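Protein chains: 2
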Amino acid sequence: MSPMVTPRNLPQEIVQGIQSVVDAKPVTLHEPRFSGNEWVYLKECLDSTFVSSVGKFVDRFEDELAAFTGAKRAVAVVKGTAALHVSLLLAGVEAGDEVLLPALTFIATANAVSNCQATLHFVDREEHSLGMDAYPLRDYLSGTTEMCDGYCINRSTGRVIRAMEPMHTFVHPVNIEALLAVAHDFRLQLIEDAAESLGSTVGGRYTGTFGLMGTLSFNGNKTITTGGGGAILTNDLELGALAKHLTTTAKVPHRWNFLHDEVGYNYRLPNLNAALGCAQLEQLPGFLTEKCRLFDAYQASFADIPGVRLVAELAGCRSNYWLQALLLDESLADQRDAVLTPTNDAGLMTRPVWTLMHRLPMYSNTPKAALLVAESLERRLINIPSSSGLVPVKS
Amino acid sequence: MSPMVTPRNLPQEIVQGIQSVVDAKPVTLHEPRFSGNEWVYLKECLDSTFVSSVGKFVDRFEDELAAFTGAKRAVAVVKGTAALHVSLLLAGVEAGDEVLLPALTFIATANAVSNCQATLHFVDREEHSLGMDAYPLRDYLSGTTEMCDGYCINRSTGRVIRAMEPMHTFVHPVNIEALLAVAHDFRLQLIEDAAESLGSTVGGRYTGTFGLMGTLSFNGNKTITTGGGGAILTNDLELGALAKHLTTTAKVPHRWNFLHDEVGYNYRLPNLNAALGCAQLEQLPGFLTEKCRLFDAYQASFADIPGVRLVAELAGCRSNYWLQALLLDESLADQRDAVLTPTNDAGLMTRPVWTLMHRLPMYSNTPKAALLVAESLERRLINIPSSSGLVPVKS
Numbered sequence: 004m005s006p007m008v009t010p011r012n013l014p015q016e017i018v019q020g021i022q023s024v025v026d027a028k029p030v031t032l033h034e035p036r037f038s039g040n041e042w043v044y045l046k047e048c049l050d051s052t053f054v055s056s057v058g059k060f061v062d063r064f065e066d067e068l069a070a071f072t073g074a075k076r077a078v079a080v081v082k083g084t085a086a087l088h089v090s091l092l093l094a095g096v097e098a099g100d101e102v103l104l105p106a107l108t109f110i111a112t113a114n115a116v117s118n119c120q121a122t123l124h125f126v127d128r129e130e131h132s133l134g135m136d137a138y139p140l141r142d143y144l145s146g147t148t149e150m151c152d153g154y155c156i157n158r159s160t161g162r163v164i165r166a167m168e169p170m171h172t173f174v175h176p177v178n179i180e181a182l183l184a185v186a187h188d189f190r191l192q193l194i195e196d197a198a199e200s201l202g203s204t205v206g207g208r209y210t211g212t213f214g215l216m217g218t219l220s221f222n223g224n225k226t227i228t229t230g231g232g233g234a235i236l237t238n239d240l241e242l243g244a245l246a247k248h249l250t251t252t253a254k255v256p257h258r259w260n261f262l263h264d265e266v267g268y269n270y271r272l273p274n275l276n277a278a279l280g281c282a283q284l285e286q287l288p289g290f291l292t293e294k295c296r297l298f299d300a301y302q303a304s305f306a307d308i309p310g311v312r313l314v315a316e317l318a319g320c321r322s323n324y325w326l327q328a329l330l331l332d333e334s335l336a337d338q339r340d341a342v343l344t345p346t347n348d349a350g351l352m353t354r355p356v357w358t359l360m361h362r363l364p365m366y367s368n369t370p371k372a373a374l375l376v377a378e379s380l381e382r383r384l385i386n387i388p389s390s391s392g393l394v395p396v397k398s
Numbered sequence: 004m005s006p007m008v009t010p011r012n013l014p015q016e017i018v019q020g021i022q023s024v025v026d027a028k029p030v031t032l033h034e035p036r037f038s039g040n041e042w043v044y045l046k047e048c049l050d051s052t053f054v055s056s057v058g059k060f061v062d063r064f065e066d067e068l069a070a071f072t073g074a075k076r077a078v079a080v081v082k083g084t085a086a087l088h089v090s091l092l093l094a095g096v097e098a099g100d101e102v103l104l105p106a107l108t109f110i111a112t113a114n115a116v117s118n119c120q121a122t123l124h125f126v127d128r129e130e131h132s133l134g135m136d137a138y139p140l141r142d143y144l145s146g147t148t149e150m151c152d153g154y155c156i157n158r159s160t161g162r163v164i165r166a167m168e169p170m171h172t173f174v175h176p177v178n179i180e181a182l183l184a185v186a187h188d189f190r191l192q193l194i195e196d197a198a199e200s201l202g203s204t205v206g207g208r209y210t211g212t213f214g215l216m217g218t219l220s221f222n223g224n225k226t227i228t229t230g231g232g233g234a235i236l237t238n239d240l241e242l243g244a245l246a247k248h249l250t251t252t253a254k255v256p257h258r259w260n261f262l263h264d265e266v267g268y269n270y271r272l273p274n275l276n277a278a279l280g281c282a283q284l285e286q287l288p289g290f291l292t293e294k295c296r297l298f299d300a301y302q303a304s305f306a307d308i309p310g311v312r313l314v315a316e317l318a319g320c321r322s323n324y325w326l327q328a329l330l331l332d333e334s335l336a337d338q339r340d341a342v343l344t345p346t347n348d349a350g351l352m353t354r355p356v357w358t359l360m361h362r363l364p365m366y367s368n369t370p371k372a373a374l375l376v377a378e379s380l381e382r383r384l385i386n387i388p389s390s391s392g393l394v395p396v397k398s
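Note that the protein sequences, when read in sequence, are chains A and B. Okay, so the first sequence: first residue is 4 according to this note's numbering, each after it adds one. Okay, so the second sequence: first residue is 4 according to this note's numbering, each after it adds one.
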């Protein structure tokens with residue numbers, strides 16, 4: 004007589020997998036922690052009255068970001084989208100150009116291109132790093148573009164493909180060296196969207212420092228926060244100075260005159276927000292250690308759940324484990340939504356990955372490569388609670 | 004025998020005029036004051052961890068701004084420029100349109116138009132209110148435009164003039180009723196740049212609530228500050244909802260899905276900055292009273308200096324006296340720079356008005372009316388120290 008087989012209850016297994024690691028309920032996907040000098044620095048801001056467009060914390064935050072990442076210059080701005088927008092402009096992206104970006108990304112990566120009046124052009128990701136996949140990209144560009152006067156021209160649209168904007172997703176650096184080689188061969192500028200990946204490295208070097216420019220986000224749900232904010236990283240000091248100029252209304256310094264020498268943007272990070280950032284940055288190494296421990300704990304907890312794996316860092320890379328991500332086997336992909344409801348109902352916040360950009364109404368007619376991996380990842384990825392304090396390091 | 008005439012020393016007279024009112028040195032042009040619940044609310048933000056894109060202070064700040072100004076809806080954003088940009092977009096300003104604005108303004112008024120890929124079209128101001136002058140504007144439009152299918156077409160350029168963007172400057176509301184009549188007759192949308200004029204009224208009604216939309220700034224140098232920030236005011240609830248949607252990445256609300264239905268902007272004011280704004284707004288009536296007293300004190304102090312007058316509020320209007328402004332007689336205009344140096348050297352911060360927009364390299368070839376008054380004002384205006392705490396109300 005064959006044994007009775009109890010039907011599998013994947014949602015329940017995942018609820019238990021999370022609960023065995025995370026004690027508290029309800030638990031959000033990611034929340035900031037303010038256990039350092041936040042209050043001291045904010046008070047210093049108020050006492051000095053320098054809360055706005057000038058103040059020592061902006062310079063300090065920029066210097067410390069540069070020191071941490073190894074970039075030659077960091078420019079703090081008001082949002083991550085603003086950092087991308089100005090980086091694309093400085094990379095020469097003009098109205099009517101095309102910019103390559105992953106279809107699987109947060110809306111900011113796309114909107115920044117639209118803000119330049121340029122056209123998006125979606126390409127695929129690879130499963131292991133979740134990153135823009137360099138190898139099919141090379142083939143795709145070889146088959147669909149031609150070089151003309153040093154420009155990469157999309158044969159279908161006749162437009163210049165000016166830049167690529169790979170985005171490091173959740174936990175992983177993309178295969179940046181392979182993408183840089185493609186960018187070089189097709190004369191594309193490479194702007195790294197490192198909004199989520201502060202602290203991640205490739206071969207010991209921090210993400211955001213490989214391309215012409217890289218960008219960070221300090222939204223409230225990121226590894227460190229300024230309330231809202233972002234930064235541009237670059238190793239080109241001249242570009243760094245231009246980024247500063249363009250994000251501060253292109254004002255020419257003068258004791259009292261108001262002279263602006265180009266159309267600029269008021270994107271400067273307020274000193275108040277930079278003060279918060281300075282306090283957070285001091286705690287970043289600790290946050291990263293804790294997030295690594297959380298990954299280990301989840302890894303152990305999910306090891307016995309068949310068909311479900313945690314996205315893990317690759318050889319030669321270090322991940323900041325900003326958001327922990329479960330990847331379901333394709334055979335379980337139809338249960339993604341069935342998992343989201345009971346986990347959220349149980350007070351354990353989970354979410355699917357972003358809707359692919361080419362499915363959004365305003366981007367439905369933009370050029371795109373085959374997006375088979377991105378479409379598969381969209382069906383199978385689930386983010387689970389990821390705050391740095393969930394499994395604190397024991398002293 | 005005729006008496007000896009001592010040559011006049013205008014810079015010295017002005018230094019003394021300021022010093023007789025302002026005791027402290029050095030004194031800035033305008034600095035914020037944090038004497039209310041700033042600490043309490045910021046600490047509440049940190050303790051709750053809600054510093055970023057969600058949190059109760061954003062909603063509260065918006066509700067209280069609407070209640071104070073009488074607008075049906077206020078939408079808080081990250082900068083005053085962002086408020087203008089989105090207001091112009093919602094007013095239907097498109098790439099290639101023209102927007103009428105004063106040549107005498109801060110760069111934000113102009114950049115917001117450029118951010119819409121529209122063309123600026125400069126018009127003149129009038130001396131008493133410093134505002135966009137409705138009467139020559141009507142004549143100018145009658146002479147240079149024609150109506151075609153309900154659109155106002157610039158005969159020289161063939162472009163649609165879509166909107167006007169009057170800006171309330173320093174202390175004064177513009178003659179808004181006359182401008183609304185021009186806007187109506189020429190089918191122009193009117194967006195009020197009330198960045199500087201929170202608390203100013205015309206006929207008892209607050210600036211920023213007359214046009215299709217109005218915008219405020221809460222930069223550190225404004226009457227109240229959020230560190231950096233702005234707001235959109237409107238009496239059209241549908242437009243208000245669209246403004247909220249467009250400034251929050253056009254995300255369609257859902258428990259976990261990321262669906263965005265148009266190209267949007269990440270312009271939302273962080274909760275941290277809104278918390279500061281709530282505390283500041285509570286003190287606004289007191290700030291306004293103090294600024295009025297400062298005006299009275301300056302008025303008395305400068306009464307005996309010939310050829311120099313303080314710009315004062317007009318009948319039927321109330322000014323917020325954000326920045327106090329001296330206006331030199333034309334005969335003294337050549338001494339403006341001679342006044343700026345010794346006042347600043349004496350630790351009394353002064354500044355001229357902004358360089359007229361059509362003199363800036365990127366705006367030198369834009370369409371413009373005669374700008375005689377703006378050019379005269381540019382030669383003669385000097386802002387003097389204006390912080391609300393300089394002459395506190397005695398209890």
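By construction, these hints were calculated from the structure, which means they are not laboratory data. Here the structure is a predicted model, which means the values were calculated and not measured. Certain hints may be false.
[As the list claims (entries may be wrong)] Per label pair, the in silico range of CB-to-CB distance:
id, chain 1, residue 1, chain 2, residue 2, range
1, A, Asp348, B, Gly206, 52 to 60 angstroms
2, B, Ser159, A, Pro364, 55 to 63 angstroms
3, A, Lys46, B, Gln302, 53 to 61 angstroms
[Claimed, not checked] Only pairs whose alpha carbons sit at most 25 angstroms apart, straight line, appear in this in silico DSS-like list of lysine-lysine:
id, chain 1, residue 1, chain 2, residue 2
4, A, Lys46, B, Lys247
5, B, Lys75, B, Lys59
6, A, Lys59, B, Lys28
7, A, Lys371, B, Lys28
8, A, Lys46, B, Lys28
9, A, Lys59, A, Lys371
10, A, Lys247, A, Lys59
11, A, Lys28, B, Lys46
12, B, Lys75, B, Lys247
[To be verified] Just so you have them, the derived chain A footprint on chain B, three or more residues with Cβ under 8 angstroms:
id, region
13, 36 to 46
14, 213 to 225
15, 323 to 337
16, 342 to 354
17, 358 to 367
From the three backbone atoms N, C-alpha and C, an ideal C-beta is built for every residue, glycine too.
(request) List in ascending order the numbers of the hints, as given earlier, that are violated by the structure. (result) The structure conflicts with hints 2, 3, 4, 7, 9, 15, although it agrees with all the remaining ones.
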